[in-house]
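Student: Here's the letter readout for the chains.
Protein chains: 2
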Amino acid sequence: MMRTRPLKVALLGCGVVGSEVARIMTTHADDLAARIGAPVELAGVAVRRPSKVREGIDPSLITTDATALVKRGDIDVVVEVIGGIEPARTLITTAFEYGASVVSANKALLAQDGAALHAAAEANDKDLYYEAAVAGAIPLIRPLRESLAGDKVNRVLGIVNGTTNFILDKMDSTGAGYQEALDEATALGYAEADPTADIEGFDAAAKAAILAGIAFHTRVRLDDVYREGMTEVTAADFASAKNMGCTIKLLAICERAEDGASVTARVHPAMIPLTHPLASVRGAYNAVFVESDASGQLMFYGPGAGGSPTASAVLGDLVAVCRNRLSGATGPGESAYAALTVSPMGDVVTRYHISLDVADKPGVLAQVATVFAEHGVSIDTVRQQGKDGEASLVVVTHRASDAALTGTVEALRKLDTVRGVASIMRVEGE
Amino acid sequence: MMRTRPLKVALLGCGVVGSEVARIMTTHADDLAARIGAPVELAGVAVRRPSKVREGIDPSLITTDATALVKRGDIDVVVEVIGGIEPARTLITTAFEYGASVVSANKALLAQDGAALHAAAEANDKDLYYEAAVAGAIPLIRPLRESLAGDKVNRVLGIVNGTTNFILDKMDSTGAGYQEALDEATALGYAEADPTADIEGFDAAAKAAILAGIAFHTRVRLDDVYREGMTEVTAADFASAKNMGCTIKLLAICERAEDGASVTARVHPAMIPLTHPLASVRGAYNAVFVESDASGQLMFYGPGAGGSPTASAVLGDLVAVCRNRLSGATGPGESAYAALTVSPMGDVVTRYHISLDVADKPGVLAQVATVFAEHGVSIDTVRQQGKDGEASLVVVTHRASDAALTGTVEALRKLDTVRGVASIMRVEGE
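Which chain is which? The protein sequence lines are B and X, in order.
By full-length UniProt numbering, the letter at position 248 of the first sequence is numbered 248, and the numbering carries on one by one without gaps.
By full-length UniProt numbering, the letter at position 178 of the second sequence is numbered 178, and the numbering carries on one by one without gaps.
In isolation and in its complexed conformation, chain B is listed as follows (with noise of 0.2 angstroms):
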């Protein structure tokens, strides 16, 4: 049973996106009409730059005026891929109001005021749906919001940013610097001309923000996620994670606290084992872990940016919200009611790998052995080279608390005999 009345779709932003989320609602309108009970019509695109030429576009449905199209009254749904706080934030609210629900791919926005705009949806009993926001087209949202709803998430442990994997990927594989490896990946298109937001991890954390709350039915904001990018990781250490077994990647982790009641979301690069699935995913891929007491690990793959992935995304949420509509329901909301306490970095109990730069005489190895010993943080190995008076010490600890290793970290610089800390990285995923 079809209806014959369109679906109204506005289009905030016709980008690399925008223009991909455009081109398949019309070379695909049968079946997305088929798939949701009714056709859906492109009502309006709101562009920065009406003057550019839009292959496939009607010419007569750009505007430079978002708040007048999201305002317009007869909009279903409105699709915002244009990035940033404002204008969406605002264009988003109005939407809701105005009657339409929406379809964002807005990461930033959703980790710094996810829970206003969750709340203006249900306000106006509508949807807010965002699978774009993370990981691109790999369906992730939905399984934790959904498929999981019925288990207890422990761990998300991921790579969430391609073009950091694309960075260390190279590092890895070739030996390169870190500044040779970004330069191929501009020069590639994987990184932007300021790569800022991707590099020092902003990127990833809101997406760590965005899965931490969904997984953990906790509000979870930027600010309460640690981050670290990774413009310090050399190629020593590489080559340090390669003695150990391991790589190092760029890790998304929000964990559940063993003692279930509190929670912690973190960014930064860490060791992990070259037997573990993430290890082996290249290039400017995305895959995340997920971990739940009953279904065991989980692991979702694929293209974690680009235009066409990131539309998939959009255009399933499309047709997801659009039955809604038709049925007059909505979908999931919110779901924050288990208000668990975001804890900070230092409660965080996880491995370290420690190099440390110290002079070539014995009882150094006593000394520092006794400081970690002073500091609760167990050894577990240790590797020491020296030559020329000049020695290094490679420790390997046991878990511990992140404010015990600093703790640790902080009076070993204050010995005489350790003339450096040449590196601090966490291990994971064992």
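Don't read these hints as lab results, they were simulated from the structure.
You may find that some hints are simply not true.
Intra- or inter-copy, both count: the list cannot distinguish identical chains.
In the EDC-like style, the derived pairs of lysine to aspartate or glutamate whose C-alpha atoms are separated by at most 16 angstroms in a straight line are [claimed, not checked]:
| no. | residue 1 | residue 2 |
| --- | --- | --- |
| 1 | K152 | D31 |
| 2 | K387 | D194 |
| 3 | K152 | E291 |
| 4 | K8 | E291 |
| 5 | K8 | D58 |
| 6 | K361 | E390 |
Please arrange chain X on chain B, whose structure you already have, making use of the hints.
Tutor: Coordinates of chain X only, in the frame set by chain B:
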């Protein structure tokens, strides 16, 4: 806003999966209530052996009369984890008639009678969900029918049977023969006393039918799926695979033909390159690759069987179905609008690895090559190995239709110089 009248759930079957569903419904009652918006109550459990002690289940809920339970009229959701065709089929259709929605884990029934069951659900305006029927805890049905609803799926390629993957992995890693590996799988509980459904590919074929139907929006029945078990895979095949940089997996493959107008579904052992992500899926794990127009290659990985993982999938569906009931809506039903032709195996196009025992004399290779050429099957590589008047010839072809390959092999068998066709194996994942 929590509704206080509970939703009533009838559980049909209380074996490995059912008892785990009941357990989680009890231990996670508060979480489920918060996620659904109303409490869920176990209203009855139909079993075959009422005398068995079932820890944590109120004995007054136990009944042997499943029919009376689904006919009670106050049941909101029937969870069917009995398996098999009857009485499961009649119980499910009765449940719809008496006003319940249904969550099922029954792959055999869905593959055989999915269309009729969907029709019964639709006629009564009820939900039929079955995430647990394919690949255990791995969210796959929902991503395919919802997340990728705006995309065009071209291929689904997966390891969907844990028992056979355990056996093949064991043969690959230890050099064991088939029987030895099967014995170990049985001893460890990975294979059932009668392993026919697994090793002959019936289980995987049922899953392939379900996946193909959803992926291509076309009815695909179990009978439409070409099926070849893995009992004839030998240690010699693994040695040949290794020579090619491959391993052997039992794959379920659902493909859209290049012209887009027809699809195929098949289950058989195949060589795949060691570099393919499916090659590293170990033990009893499952993994499914999905290739689509916009999203590219996605992979879903996790435990494919077992009580807890399957229960996780059942409960995810239960939450969705309960939410739908509260909002008075239903989720996506059968989507078969595309109604593509399901082509026979002869139309499948792939590559082949063929081992021939031949006479060790001049001219044999020329004869063999002529037969391939006459049937339009192009040869990629040939390797000859001879000793004591006997020789083996290993031919790897370019892509050719199954019909052309079958014709080639028939003609080869008629050559005087070909003593036997030692093995034919498809090569996939390139």
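Student: Against this structure, judge whether each hint is valid.
Tutor: Hint-by-hint comparison with the structure:
In this homomeric assembly, K152 and D31 come within 16 angstroms of each other (Cα to Cα) only across copies, at 9 angstroms, whereas the closest approach inside a single copy is 36 angstroms. In this assembly of identical chains, K387 and D194 lie within 16 angstroms of each other by CA distance neither inside one copy nor across copies; the values are 41 angstroms within and 65 angstroms between. For a Cα distance limit of 16 angstroms, the shortest separation of K152 from E291 inside one copy, 9 angstroms, qualifies, whereas the shortest one across copies, 30 angstroms, does not. Proximity of K8 and E291 under a CA criterion of 16 angstroms is satisfied in neither setting, with 39 angstroms inside one chain copy and 29 angstroms between copies.
In the homo-oligomer, the alpha carbons of K8 and D58 lie at most 16 angstroms apart inside one protomer (15 angstroms), although the nearest pairing across protomers, at 52 angstroms, exceeds that limit. In this assembly of identical chains, the alpha carbons of K361 and E390 lie at most 16 angstroms apart only when taken from the same copy (9 angstroms versus 69 angstroms across copies).
When held up to the earlier numbered hints, the structure conflicts with 2 and 4 and fits the remainder.
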